[in-house]
Amino acid sequence: MTQRKRATPSSQRQHGVSALQEDEDDIPFTQPSTSQVQKALENVTPAQLDHKASEVVQYFLVKQQKKIPVRRADLVKHVVKEYRNIFPEIMKSASKTLDQVFGLKLVEIDNKNHLYILISKLENVDGPHTSVSSPKVGLLFVILSVIFMKGGVVRENVIWNTLKKLRVDPGEKHAEFGDVKRLVTDEFVRQRYLECVRIPHTEPVEHEFHWGQRAELEVSKVKLLEFLGQLHDQDPQLWSQQFKEAHSSVNPPSS
Amino acid sequence: MMQGNMSQQLGNSHRRFLQTLMTCGSVDEPGARSLHQHCCETHNTQYVPDQLDNFINAINSKLQPLFMQIRKGMSEESGQQHYALVNMAETEVTRMSSDYTENELELFRKTIDLIVASDNGLALSTDILNSADTLTTKKLKKTETEQLLKRLVQDKWLCEKQGEYTLSTRCIIEMEPYIRTMYPEQVKVCHICHNIVFQCQTCENPVCGVKIHFPCVAKYFRGRSVRRCPACDDAWEHEVPGTVFYLFLSSTSVLKVYMTLKC
Chain A
103 MTQRKRATPS SQRQHGVSAL QEDEDDIPFT QPSTSQVQKA LENVTPAQLD
153 HKASEVVQYF LVKQQKKIPV RRADLVKHVV KEYRNIFPEI MKSASKTLDQ
203 VFGLKLVEID NKNHLYILIS KLENVDGPHT SVSSPKVGLL FVILSVIFMK
253 GGVVRENVIW NTLKKLRVDP GEKHAEFGDV KRLVTDEFVR QRYLECVRIP
303 HTEPVEHEFH WGQRAELEVS KVKLLEFLGQ LHDQDPQLWS QQFKEAHSSV
353 NPPSS
Chain B
200 MMQGNMSQQL GNSHRRFLQT LMTCGSVDEP GARSLHQHCC ETHNTQYVPD
250 QLDNFINAIN SKLQPLFMQI RKGMSEESGQ QHYALVNMAE TEVTRMSSDY
300 TENELELFRK TIDLIVASDN GLALSTDILN SADTLTTKKL KKTETEQLLK
350 RLVQDKWLCE KQGEYTLSTR CIIEMEPYIR TMYPEQVKVC HICHNIVFQC
400 QTCENPVCGV KIHFPCVAKY FRGRSVRRCP ACDDAWEHEV PGTVFYLFLS
450 STSVLKVYMT LKC
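Protein chains in written order, with the working numbering: chain A, 103 to 357; chain B, 200 to 462.
None of these hints come from the bench; they were simulated from the model. Treat the numbers as computed from the prediction; the structure is a model and nothing was measured. Heads up, a few of these hints could be off.
[Claimed, not checked] Straight-line C-alpha distance at most 25 Å; calculated SDA-like pairs for lysine to any residue: (1) K168/A / T300/B; (2) K275/A / E359/B; (3) K223/A / H242/B; (4) K340/B / G280/A; (5) K266/A / G253/A; (6) K349/B / D288/A; (7) K223/A / C223/B.
Assemble the whole structure, with the sequences as input and the hints as a guide.
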């Protein structure tokens, strides 16, 4: 068994926005050209490539537990390291493995900052041990529904008022969720379920919420509308705007 | 009957099982069976009740090149077999290294130190807090340590009960090779099942001192009215979990005592 030495990830735990800024000591990574990759591949055995791809897969899986996006810079610095010249090949192999073994799709959600997330290709189905019925998911679902029904963006006070009506007060510590405000503005945002944007020229500062990239990829608007239809005992088609929106966008993959 | 076909392709039923297992940390045997059924039925794959092991073998054959495996281990609390997805390549706690900072990992290692050194597989929170003061990397404050312990429990590495911390079943399954390597002298093995042991009963005979898991004690002594240590034949002084038994005192009076399983 090989003993692998990892670089100490002193700044691995990222909080909020600082996750997007690259460390000063990062060697800027630019994608190698196809010819560079081909040349580098000549010096690498298939076994070495596979081994690196496995390490990348494991790195992604660990991050996936917390649904934290992976920065390309971190991936190169801590995992790929001296094999950076065959980075595209490693990613291709890792992506294929994640798909075929785990049913997870590797998606780049930010082309500028190069962030990746994993989304499940399998449909969310209620069953034993699933998190579909977890309270956090329920809360998130409520927020996503509100945003969607209101055309895709809402001011933060609308969210807080909605939650208050459900006896989830962002000002108080909640028995189940703890610090509700932190859950919504920090955790859900970091996981890319929500996007929180400052509204300019507001004093005190106000924010508005959008669906995050992960929500766009993972949550089926069609299903959400159907669920709301059942909840309100209404034909989803009667929400014509939202119905159109839900059926026009590319649906998340189903099983 | 198909015997663990090693080149069997994975279907979505396998992938769903794997994804769920990853989210839960570990799953007990009945849970694994119902999950197996749920996964097959969701993806319209034929479900054969006794084929769980073959199902898992198929997944494992694809996980092997990734140095990962679904492995089985016994819960020291319930005696149930649990399944967990573990890393096989790591010889240290590097699997956690992208989730925890260096000093947090050091504290976790110190917690393992305490658990391994203890007689009963428990580390007291006060002792862990004291360890936080002795870290060689960067010291952790009391609140930081408490937060860290909470995360370790949430991430299913540790279990906590009334201020005492134990290794979770998933942690034991995953870290057994690491612990055996790091603590070759101190690591103990259950006399009955021969697996690594933390929470246990110990033979009172100072020359003997064998250790047995609580569930293994219950199983071994089931139906036996006279309890003797399987290694040295001395009287087994401890209360046996989950059974009715008779305790013979030196004056030969008989006491009937009901014990419930220590949880």
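- Hint check, failures only: none
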